Amino acid sequence: MYYIGKDNYVTGKLSGQVAKFSLTVNGVEYSKVNVTAAPDFKYYANSLIKNVSDIVKVNAYDANGRLLDSKPLSITTYQGEEGKITSAAPFKLGKDSYVTGAYTGDVRKVELQVNGVALQRINVLDGIIKYYAKANIAKATDEVKLVGFNAAGVAVSTKPITITTTDGSVTANPFALGKDGYVTGAYTGDVAKISLTVNGVKQSTISVPAGSEFKYYAKTLIKNASDVVVLTAYDTIGGVLSTVNIAIDNSTTMTSGTVTPNTFKIGTNSYVDGTYTGDVAKVELEVNGIKYGQIPATGNTIHYFAASLITQTSDLVKVNVYDTAGKQLDSKLVSLTAPTGTVTAANAKVGDSYLSGTATGDVTKVTLSVNGTVQSSVAFVQADKSYRYYIKNLNLKPTDDVKIVGMDARGNTLNISDVTINN
1 MYYIGKDNYV
11 TGKLSGQVAK
21 FSLTVNGVEY
31 SKVNVTAAPD
41 FKYYANSLIK
51 NVSDIVKVNA
61 YDANGRLLDS
71 KPLSITTYQG
81 EEGKITSAAP
91 FKLGKDSYVT
101 GAYTGDVRKV
111 ELQVNGVALQ
121 RINVLDGIIK
131 YYAKANIAKA
141 TDEVKLVGFN
151 AAGVAVSTKP
161 ITITTTDGSV
171 TANPFALGKD
181 GYVTGAYTGD
191 VAKISLTVNG
201 VKQSTISVPA
211 GSEFKYYAKT
221 LIKNASDVVV
231 LTAYDTIGGV
241 LSTVNIAIDN
251 STTMTSGTVT
261 PNTFKIGTNS
271 YVDGTYTGDV
281 AKVELEVNGI
291 KYGQIPATGN
301 TIHYFAASLI
311 TQTSDLVKVN
321 VYDTAGKQLD
331 SKLVSLTAPT
341 GTVTAANAKV
351 GDSYLSGTAT
361 GDVTKVTLSV
371 NGTVQSSVAF
381 VQADKSYRYY
391 IKNLNLKPTD
401 DVKIVGMDAR
411 GNTLNISDVT
421 INN
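With full-length UniProt numbering, letter number 409 in the sequence shown gets 409, and the count goes up by one each step, no holes.
Note that these hints are calculated values from the structure, not bench results.
Small disclaimer: the values here were computed from a predicted structure and weren't measured.
Check the hints yourself; a few may be wrong.
Computed list of lysine-lysine pairs in BS3-like fashion (alpha-carbon distance at most 27 angstroms, straight line) [unchecked claim]: (1) 365 / 397; (2) 291 / 327; (3) 223 / 291; (4) 223 / 202; (5) 6 / 71; (6) 202 / 219; (7) 6 / 109; (8) 130 / 193; (9) 109 / 50.
Required output: the full structure, derived from the provided sequences and hints.
Here it is, written out as structure tokens:
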């Protein structure tokens, strides 16, 4: 038997006085070759025998070239070796991406058939089948088969694929209005994504993390106890697996808190400071009816920059505090005080280099007024409340009208006192 697609040689056994043999294909006899390995023989025929319909004979000759025998050769197409798909795992819609399985024997390629349509054939190796099918298997009613082919390209095994659907459930904790930032809960099964629908408006779909718990940011979405909120769970391809209504816990909306601001001294303080209690989450400053940005409240203290906002004691300043939902919990007026202080100077003599003196209260720097002209230079008050002001370049005389001017940190005049210049 000669297998087209497998054999290259016609082979067989010889007996008797056969010294040469030849091949005749479709009436054409090809060259005689000597017997070299009796009783076996082989004749190269790969380029001679091409079709199963070819008529082929093997001819045997003695040493004188006399035909001793002629036998017909059976020809068939090589069908390959046996192979078998031994197992194929069920394919779960919405979860699995691959059809997987195993094989034995001569299985070189596999193809997937979906509803009678043959898809691409792929190579397999080491007894393992892994065929990407996520885009091809869409419904549980799809009829899917896995077909194995041997080296000759002959289908040697077929295995039906069981299609199953995804399943899973989701549970959600009550959402505490005014307190919670996230809808939280747990999931089971094939849940891969979740979304939130608030009052009929579907929000973005997000992936769930590995494990069994999830959280969905909802602080800006759920605002009222009357909101209708639904959580929907999906598989990987977007199939709905479960829905659950979110209970809104309104008890936490009964938040409370107080704020106690410290007195703010204009020209000295830069921040409105104070303390708060309760559920305060944000702090806001209001000056003369204008509300400035809300800042987070932490550690039961407030610290709000206001140096550029509060400029005079007649300003109406409030500290407003809010909970996480933005509900105002308290509002308190800030007491404003003006800086105070005095400045005095020791007597100076004509020709002195410095004028010395002391300051009290909020006086942080001094300058000099000479005959009604305020000097541009200043001297800073030291920690011990003393100061020294350079005067040599002013050439002061006893007849000059000299005054020492005490100022706060902003340059506001707090106190003026006379300076005596002696000869």
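Now for the hints, and whether the structure bears them out:
1. 365 / 397: Distance ~24 angstroms between residue 365 and residue 397 Cα, so the pair holds.
2. 291 / 327: holds, 15 angstroms
3. 223 / 291: Holds, at roughly 23 angstroms.
4. 223 / 202: holds, 15 angstroms
5. 6 / 71: Between residue 6 and residue 71 the Cα gap is close to 21 angstroms, so the pair holds against 27 angstroms.
6. 202 / 219: holds, 15 angstroms
7. 6 / 109: holds, 18 angstroms
8. 130 / 193: holds, 25 angstroms
9. 109 / 50: holds, 25 angstroms
Violation of the numbered hints given earlier is absent; every hint is satisfied by the structure.
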